[in-house]
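Asker: First to last, the protein sequences are chains A and B. Under my numbering, residue 135 is the last one in the first sequence; the count climbs by one each step, no gaps. Under my numbering, residue 800 is the last one in the second sequence; the count climbs by one each step, no gaps.
It is worth saying that the hints were derived from the structure and are not from the lab. Any given hint might turn out to be false.
[What the hints assert, rightly or not] The calculated lysine to aspartate or glutamate pairs, modelled on DMTMM-like cross-linking and capped at a C-alpha distance of 20 Å, are:
id	chain 1	residue 1	chain 2	residue 2
1	A	71	B	602
2	B	719	B	734
3	A	71	B	601
4	B	719	A	122
5	B	776	B	523
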Amino acid sequence: MNPAGVVARIEHAVKKPIWGCEMCGQCVLHSTGLTCPMTCPKTLRNGPCGGVRANGHCEVKPEMRCVWLNAYERSERLPLWGGHIDDLRPPVDNSLRGTSSWLNLLSGRDRELPPGWEHRADVGP
Amino acid sequence: MSVLERKLNGREFVVTAELPVIDGGGHAEILRQLEPMRPFVDAFNATDNPSAHAHSSPLAVAIGLIRSGVEPVMQLACRDRNRLALQADLVGASMHGIENICCLTGDDVTAGDEPGARRVFDLDGIQLISLGRSLSAGRYLSGRALSPAPHFLIGAVENPGAPPFEYRVRRAAKKALAGAHFLQLQLCYRPELLERFMHGAHETGVSASIALIPSICILRSATGMRFVAGKVPGIDVPPEIVRRVEQAADAEGECFEIAYELASHALSQPGVAGLHFISFRKDAGIAKLCTRLGIPPRVERESNGYSASVAV
Numbered sequence: 011m012n013p014a015g016v017v018a019r020i021e022h023a024v025k026k027p028i029w030g031c032e033m034c035g036q037c038v039l040h041s042t043g044l045t046c047p048m049t050c051p052k053t054l055r056n057g058p059c060g061g062v063r064a065n066g067h068c069e070v071k072p073e074m075r076c077v078w079l080n081a082y083e084r085s086e087r088l089p090l091w092g093g094h095i096d097d098l099r100p101p102v103d104n105s106l107r108g109t110s111s112w113l114n115l116l117s118g119r120d121r122e123l124p125p126g127w128e129h130r131a132d133v134g135p
Numbered sequence: 489m490s491v492l493e494r495k496l497n498g499r500e501f502v503v504t505a506e507l508p509v510i511d512g513g514g515h516a517e518i519l520r521q522l523e524p525m526r527p528f529v530d531a532f533n534a535t536d537n538p539s540a541h542a543h544s545s546p547l548a549v550a551i552g553l554i555r556s557g558v559e560p561v562m563q564l565a566c567r568d569r570n571r572l573a574l575q576a577d578l579v580g581a582s583m584h585g586i587e588n589i590c591c592l593t594g595d596d597v598t599a600g601d602e603p604g605a606r607r608v609f610d611l612d613g614i615q616l617i618s619l620g621r622s623l624s625a626g627r628y629l630s631g632r633a634l635s636p637a638p639h640f641l642i643g644a645v646e647n648p649g650a651p652p653f654e655y656r657v658r659r660a661a662k663k664a665l666a667g668a669h670f671l672q673l674q675l676c677y678r679p680e681l682l683e684r685f686m687h688g689a690h691e692t693g694v695s696a697s698i699a700l701i702p703s704i705c706i707l708r709s710a711t712g713m714r715f716v717a718g719k720v721p722g723i724d725v726p727p728e729i730v731r732r733v734e735q736a737a738d739a740e741g742e743c744f745e746i747a748y749e750l751a752s753h754a755l756s757q758p759g760v761a762g763l764h765f766i767s768f769r770k771d772a773g774i775a776k777l778c779t780r781l782g783i784p785p786r787v788e789r790e791s792n793g794y795s796a797s798v799a800v
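Next comes chain A alone, as it looks inside the complex (with noise of 0.2 Å):
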């Protein structure tokens, strides 16, 4: 195995069981609350969408709380990185899954923006 993917490997392994990461390559947890945004159904990076039951819990999956209600909640505790979740998400890019993303961010690959995306300031450090 390359070392890239030993890197993967690693990071999978310690973020799967604390986040439930899903391995999108582009980590945003710190802007979210460290709530995992892949984990939403709808796997939404901008949530919580209008779908969230009365009781708190997810429109597809009844059982469970909503994901951005969680990524709200904790996010207001965050005395750093609260205001964040306010960022403007771009799209996901979906050819950096299952690579590192600690790698992409020593790279900067994870900041790369769809050249056409208008929001270039609006994404947060």
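Put chain B on the given structure of chain A with help from the hints.
Answerer: Coordinates of chain B only, in the frame set by chain A:
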């Protein structure tokens, strides 16, 4: 520039309505559905597989609405299309003169009659708004030039009645930041939640940057009320409202009363830019409700002026 855009820019009160879904019957069916509400409505929503049930596509229906001489608001949901298909439909819509776009994430496939379908959600509703803005700036998402650039009035939806209630105004602000100019609000059977949202949007200045249009649905029966309460994602109907219809001697009349009460309440909120009406049957319900609310027909509003604050 669309009539809706001109009116929203000029802070004129707008009336939008949902065209009931079209399955068969061709263009004649669109005309038949339009007729009773036509005099009151500024623009008609062509829905995109509402509640995850397949119907005639929003692009086809929006073209049909233009051919019928009325202005469409083309809904576009992220559930059934990836970013290629979304861009294709937006650019195709522009080719036919469709400018008003309403961007939705969309109900999940499990809400509909094809729960085994693959859900797409390649983009979310907010990213779709931003995509519309990219196209308006003359570029596809890939950066490829789109010339001449299409002109859109981009809008979206928001649900004041779904948790986390205190975050919904911030989410509306995020949609404004992404490039949305209006929000058609989800049906809300808890007036206190709509009130909280409208006041929050007013106090934070959000309603000054994005036009807020509450929705009112005219139902006809206890069965309809139970369907909305139990089956439509994100709509919470208090049990006492369902009981009110169930116990009424005239269920249809009671449903109309409820719609009237909710609409009057919505009109009394600060920063209300208009109302969006939904009626599932082709009858004069919307015209009747507008008349009862004191909202004059479109032509009269345009010549004499009208604002919601006058009505209440």
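Asker: Is it true that the CA of residue 71 of chain A sits at most 20 Å from the CA of residue 602 of chain B?
Answerer: Roughly 16 Å between the alpha carbons, so the hint for residue 71 of chain A and residue 602 of chain B holds.
Asker: Given the hint that residue 776 of chain B pairs with residue 523 of chain B, test it: the Cα-Cα distance must not exceed 20 Å.
Answerer: holds, 13 Å
Asker: Between residue 719 of chain B and residue 734 of chain B, does the CA-CA distance stay at or below 20 Å?
Answerer: Distance of about 17 Å is within 20 Å: holds.
Asker: CA of residue 71 of chain A to CA of residue 601 of chain B, is that 20 Å or under?
Answerer: holds, 17 Å
Asker: With the threshold set at 20 Å, check whether the alpha-carbon distance from residue 719 of chain B to residue 122 of chain A stays at or below it.
Answerer: violated, 40 Å
Of the numbered hints given earlier, the model fails hint 4 alone.
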